[in-house]
Amino acid sequence: MTLVVDTVTKRFGEIVALDGVSFSAEPGRIFGLLGANGAGKTTSMRIVLDILRADSGTVTWQGRANTEVPRKTWGYLPEERGLYMQMTVMEVLRFFAALYGVPAREATADVEDWLERFRIPDYRDRKVQELSKGNQQKIQFIAAILHDPDVLIMDEPFSGLDPVNVQLLKEAFLEMRGRGKALIFSTHQMETVEELCESIVIIDRGRVVVAGHVRDVKRAMGRQVVRLAADGVDGTDGLAWVEQIPGVSLTRRGEDYLELHVRTGTDPASLLRAALERGERVTRFEITDPSLEEVFIEHVGRPAEVAEERHLAPGQARDDGREWTS
Amino acid sequence: MIGGLFPNAWTVAVREFRLRVRSRVFQVVTLILALIGVALALLPVGVSALGFDQPSSVAVFGAEPDAKVAADGLVAILNGMEHSGLEAEIIADADAERAAVESGERDGLVTVARGADGDLSFDLYTADGPTSGLVFAVNTAAGQVAVADRLERAGVDPSQVGEIFAPTAFHVTPVDPNAIDPEENFGPRYLLATALVILMFMAVITYGQWVATSVAEEKASRVMELLITAATPRQLLLGKVMGAGGAGLTQYVVVVGAALGGLVLQGPVAELVLGEASGPSLEVQGLNPGLLAVVGLFFIGGFGLYATLYAALGSTASRQEEVQNITGPMILVGVAGYFAAFTALNVPDAEWVRALSFVPFFSPYLVPIRLVLGQIQPWEIGVALILLLVGVAVALWVAARIYSAGVLLYGQRPGVRAVWRAVRVNR
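As they're listed, the protein sequences go chains A and B. Counted from 1, the first sequence has number 165 at position 152 by my numbering; the numbering is strictly sequential. Counted from 1, the second sequence has number 408 at position 323 by my numbering; the numbering is strictly sequential.
Since the hints were derived computationally from the structure, they do not count as laboratory data. Using N, Cα and C, we set each Cβ at its ideal position, and we do this for glycine too. There could be a bad hint or two in this list.
[As the list claims (entries may be wrong)] Computed far set for chain A versus chain B, every beta-carbon distance over 12 Å:
#	residue
1	Asp-63
2	Glu-92
3	Glu-119
4	Ala-156
5	Ala-288
6	Val-295
[Stated by the list, open to error] DEER-style ranges, computed between Cβ atoms:
#	chain 1	residue 1	chain 2	residue 2	range
7	A	Asp-138	B	Leu-284	47 to 53 Å
8	B	Leu-472	A	Arg-139	45 to 51 Å
9	A	Asp-161	B	Ser-306	46 to 52 Å
10	B	Val-338	A	Gly-26	36 to 42 Å
11	A	Glu-125	B	Asn-410	22 to 28 Å
12	B	Trp-95	A	Ser-172	40 to 46 Å
13	A	Gly-33	B	Leu-284	37 to 43 Å
14	B	Ala-440	A	Arg-118	37 to 43 Å
15	A	Gln-75	B	Leu-284	31 to 37 Å
16	B	Trp-95	A	Asp-161	21 to 27 Å
17	B	Glu-406	A	Asp-138	30 to 36 Å
18	A	Arg-218	B	Val-338	54 to 60 Å
19	A	Gly-225	B	Ile-471	56 to 62 Å
20	A	Arg-132	B	Trp-95	53 to 59 Å
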């Protein structure tokens, strides 16, 4: 019952876009596809959707090759948004629904339902060009799900949305997950991934560098994060002794707390015991896993946001244009 | 294959058709073309109403009694000329007529006189240039009068003069027996064939370009990526061609219908404007349902062939501005067919025309011509049609491959080799 991408390789001329990429996504789960633009996220998605064909490797859904699976199975929100600007919202959505064989009446009811949910019911008969970018993006999301696909593939679905719309879209994600859909999305916003995703894959330059459950991925870092603050101590200087404990290193000196890395093998609780033994009045003690941001930096060598900006424009060109540049 | 094409191709076609027909540009252009069609159809009536077809009027003046006889002869010959559009009459007051010519009331004044040597002399006072029909006609007539006069003075019996001027036996034998009688060249059938060629050419160039532009638009607006996830390239291509073709056909029906309406109304309108009944000057001759059916089939097939390839080329453009350049080769092929057709109008049964009328890119032009003007066997029509349909199927196959490779390519324009590679390597 899963989507399995198995050692997929894709070359565009000389350039290897995907090099033995494997991952799998489950129904009723949200899967995060992370990586800088140009890392191979879009190419992976296009291969899953059978818009592009892999040079080698396979993609299967419930054991069937993706080329054999009906198109209705997939819902797609491309990174480059595009709708027919001259048509009304209802016309556009009915058109795409019709391509997937959804009867007009059914589509109309669904569209009205979703517009209501996205708080834009008045835009039903407006031309798409009159809508803001954020609202167009919501229309495009509706276009991707009207035919009730089993697998939803979304390329940077949150980019360009304001916080209110991000929240609306997250709720929609959770609803689709509740309906038993497999959701795959790419993003560079790590907080969103932490919030929504159960498992992830990080791709860098066409290779999978990390894959698995978010919890496992974090644990595999070989450390935990401890945040510590104590009352009556001037600033945080008074806590300098913590660095003396083996397996502990100070990573950030906050305004009124310290952030420490504790290597696996050292019990984080020993920090608290040591503090109490020294008579510190501890006001904050928090043990967490490393953030995904840290995981990303560790494996890719730079933060996702920075990587994103560096590749913003050429990313598309690399995915699309390189075949012709060689 | 058909089962895999519908209903999505139909969905795409309906969208394309509606959007196009709904656009302001389409409506305005169609209206203007329809008005032009009606205007052209009613042109003959307008010409009559405005008096452009009034005959030229020539005054003839003979001063001496002797010259008066010659003047009478000149008037008789001028008025007897066919197609000259001349009206000649004897006048008495040369000075008044001179003023009339200057003011434009008269087109010319001929003064006949006999010189000292006994020969007749003719002086034409006119605003027309030396190459005008009026000058030519008067010159010819004057020559006849002068020669007859000389013969009489030489002692030839006046009754024999008529025999001398009897028409000569003269016949033209063309090198190419298939060439059409020049008289027929301006006949209704010839006009019909010409109109069909022009309509075909316009459809291929204009509506083909629509398809290419529309594909490039979808690509530029990035709607394409959604489309190719939802439907196959073949469905999208066929739908595009059908939708744009349907809109084009609608425009044609409106414009041609308006023009035909104008032709039918010519009689009543003439009666209304001129107060006299005159039947339609242009008979729609040789137009019958069978002919229309064949022409229609080749029209649709030809448009399908060209438009499919236009769509494929459009898919390789990244921006709409590039479409014009990319579709250059198609325009070249279309123009080649157009010129071949215009040459063929005069030799519809020549060997090369027969051969070319089987070739898909040319048959939509040449089969209708041969049907209207020449001799074409039913089996030839059948074979040409089958070849055309095969051509459309092949074009759809090739175009679908170019399209599925082309629509994802942004950045610089792909070269021929790059497109070929994309077509070969299955997406």
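Now for the hints, and whether the structure bears them out:
Against chain B, the non-interface label of A/Asp-63 is violated: not every CB pair exceeds 12 Å, the least being about 8 Å. Distance check for A/Glu-92 against chain B: the nearest CB is about 9 Å away, which does not clear 12 Å, and the non-interface claim fails. Here A/Glu-119 stays apart from chain B, with its beta-carbon at least about 15 Å from theirs, past the 12 Å limit. Not every C-beta of chain B lies more than 12 Å from that of A/Ala-156, the closest at about 7 Å, which undercuts listing it as non-interface.
Against the 12 Å criterion, A/Ala-288 stays outside the reach of chain B, whose nearest CB is about 56 Å from its own CB. At the 12 Å boundary, the C-beta of A/Val-295 stays outside the reach of chain B, the nearest C-beta of that chain being 54 Å off. Between A/Asp-138 and B/Leu-284 the beta carbons are some 38 Å apart, a value that contradicts the proposed interval 47 to 53 Å. Judged by the Cβ atoms, the range 45 to 51 Å given for B/Leu-472 and A/Arg-139 holds: they are separated by roughly 49 Å.
Judged by the Cβ atoms, the range 46 to 52 Å given for A/Asp-161 and B/Ser-306 is violated: they are separated by roughly 26 Å. Judged by the Cβ atoms, the range 36 to 42 Å given for B/Val-338 and A/Gly-26 is violated: they are separated by roughly 49 Å. For the pair A/Glu-125 and B/Asn-410, the supplied restraint of 22 to 28 Å is violated, since their beta-carbon distance comes to about 44 Å. Taken as a hint, the range 40 to 46 Å is violated for the pair B/Trp-95 and A/Ser-172, whose Cβ atoms sit roughly 35 Å apart.
Separation of A/Gly-33 from B/Leu-284 is about 58 Å and departs from the stated range, judged on CB atoms against 37 to 43 Å. Our hint of 37 to 43 Å for B/Ala-440 and A/Arg-118 is violated, since their Cβ atoms are close to 55 Å apart. At roughly 54 Å, the beta-carbon separation of A/Gln-75 and B/Leu-284 lies outside the given 31 to 37 Å, and the hint is violated. Distance hint check for B/Trp-95 and A/Asp-161: the Cβ-Cβ separation is about 22 Å, which falls inside the suggested range of 21 to 27 Å.
Roughly 32 Å separates the CB atoms of B/Glu-406 and A/Asp-138, a value that falls within the hinted 30 to 36 Å. Between A/Arg-218 and B/Val-338 the beta carbon distance is about 58 Å. The supplied range of 54 to 60 Å therefore holds. Checking the proposed 56 to 62 Å range against A/Gly-225 and B/Ile-471 shows it holds: the Cβ atoms sit about 60 Å from each other. Hint check: A/Arg-132 to B/Trp-95, Cβ distance near 34 Å, so the stated range 53 to 59 Å is violated.
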